[in-house]
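Trainee: First to last, the sequence lines map onto chains A and B.
Under the working numbering, residue 161 is the last one in the first sequence; the count climbs by one each step, no gaps.
Under the working numbering, residue 1320 is the last one in the second sequence; the count climbs by one each step, no gaps.
Incorrect hints may have been included.
To be verified - Covered stretches of chain A (chain B as the covering partner; in silico rule of three or more C-beta atoms under 8 Å from a C-beta of chain B):
(1) 14-23
(2) 74-88
(3) 102-115
What the hints contain is simulated information worked out from the structure, not anything from laboratory work.
Every residue gets a Cβ at the ideal spot worked out from N, C-alpha and C, and that includes glycine.
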Amino acid sequence: MTIRSILQAIVHPRTVTEDLGPPSQVAADVPRLAGSLQLRHVDAGSCNGCELEITSTFGPVYDAERFGARLVASPRHADALLVTGPVTKNMVGPLVKTFEAMPEPRMVIALGDCARDCGVFRGGYGVEGPVGDVLPVDLQVPGCPPNPEAIVRALRGLTGR
Amino acid sequence: MNGIGGVIAAVLVAGAQIAAVAVGGPLLVGVMRKVRCHIEGRVGPPIHQPLRDLRKLFSKQRMRPDQASWVFGVGPVVLVATAVLIAAISPLATTRPPLGQTADFFAIVFVLLLGSVALALAALDTGTPFGGMGSSRAMTIGALAEPALLVAILAMSIPAHTSNLPALVRIGLAHPQLIASPERFLALGSFLVVILAESGRLPVDNPSTHLELTMIHEAMVLEYAGPDLGLVILGESMRLALLLGLLVNLLIPWGIADRPGAAALVIGLGALVGKVVVAGIAIATFEVFTAKLRLFRLPELLAGAFVLAVVGAFTALVIR
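Could you build the full structure based on these sequences and the hints that come with them?
Mentor: Printed below as a string of structure tokens:
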């Protein structure tokens, strides 16, 4: 990068979003949500590592919104529940209530190793268990934390874009 | 226009305008999001993403809170019904819409307000704290914005000697000097601020916020799901398209169909789409560089709009 191009980028910033290529494998059982996926994120006891990556996923560089995925403010608006962290004892109730407030068809995404199998928090005195013990999990995204590319790939599998 | 042919023609004109607003409203929101994303350096969702979201919402489960009464279900229907009514009788693509003589500007404003009030009551109905908070804020803003809009209409109707909307647009076409007058500019400036306030755009409300405490419009619809939410989103985008359509036709009426005939109507629709898209792009660009105003600063903004309208009305009275 020359100094000229850096100055140019400062004066006139262009699109910073990265091209992620064609969509990955389309999930078979979500035909009615094609191209539009509203997500409700619930932190069930996460260390906030996954939250940082989610923020980045919807930031300008990875821009998951271009594939039709969007974070929403209410479970009533959501198609999928995005759960991070091991489910702590205090969060079992709120998590189940959030899931029950979502209209059908609804999905649960367990994001990160903690949500899948409690990760480093396994056996902790405040931990109830992984998300799969509390809710029916449809999709798992491994990683501690999963990087934004992995999250975007998973979401594209659901939106089919 | 009389006889069965006249009725069919009227239905076709109304149908064309309703279809343009119902499909164009969500697309306008998509264009505005795209413009915003582009300036922010993102790619952004495709322009037809709002339509895709609507299609999905209408296929989802209808889900209502246990405590909700019939008011909750009626709110979105009234919102869409008022928008459809206004789309049918307003001078959007033609200056001679069916039942155009009933399309008084004051009446249109009150019909629009009926939709807002229905949604505010529906939000109160569930008894959630955010719904009540959103309703109270929306009604506060509405109570401040409506007087400004009424006086702005007064300012526009004094020189034209009518507050009938199609007549206002026709007179603008026939006498362009009425549009280039100070009172029209003052009134339309006030109208623009009211549009931003009524449709929940920046700097009054942030349409993309996820923070419950900063929400105004979004807080009212937190409890809606599936088809009900689809109706709310459709109604809101139709209202935005309608208000912008009326604004551009009062400011730049050229292109609108002034005589009967399918060709003129098609040209009128094309002109309407072009003008509204330009206005939408301008508003989206403005929004990128604007922060949301504090709630307690909003009365100042809307009082400013009111003053513009009052000055416009006095100018109209003094000049003539």
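Trainee: All hints, please: hold or fail.
Mentor: Status of each hint after checking the structure:
1. Coverage of the region 14-23 of chain A by chain B holds. Counting CB-CB distances below 8 Å, 4 residues qualify, and the rule asks for three or more.
2. For a cut-off of 8 Å, the count of residues in the region 74-88 of chain A with a CB near a CB of chain B stands at 4, and the three-residue condition holds.
3. Counting residues of the region 102-115 of chain A whose beta carbon lies closer than 8 Å to any beta carbon of chain B gives 4, which meets the minimum of three for the stated coverage.
In this structure, every one of the numbered hints holds.
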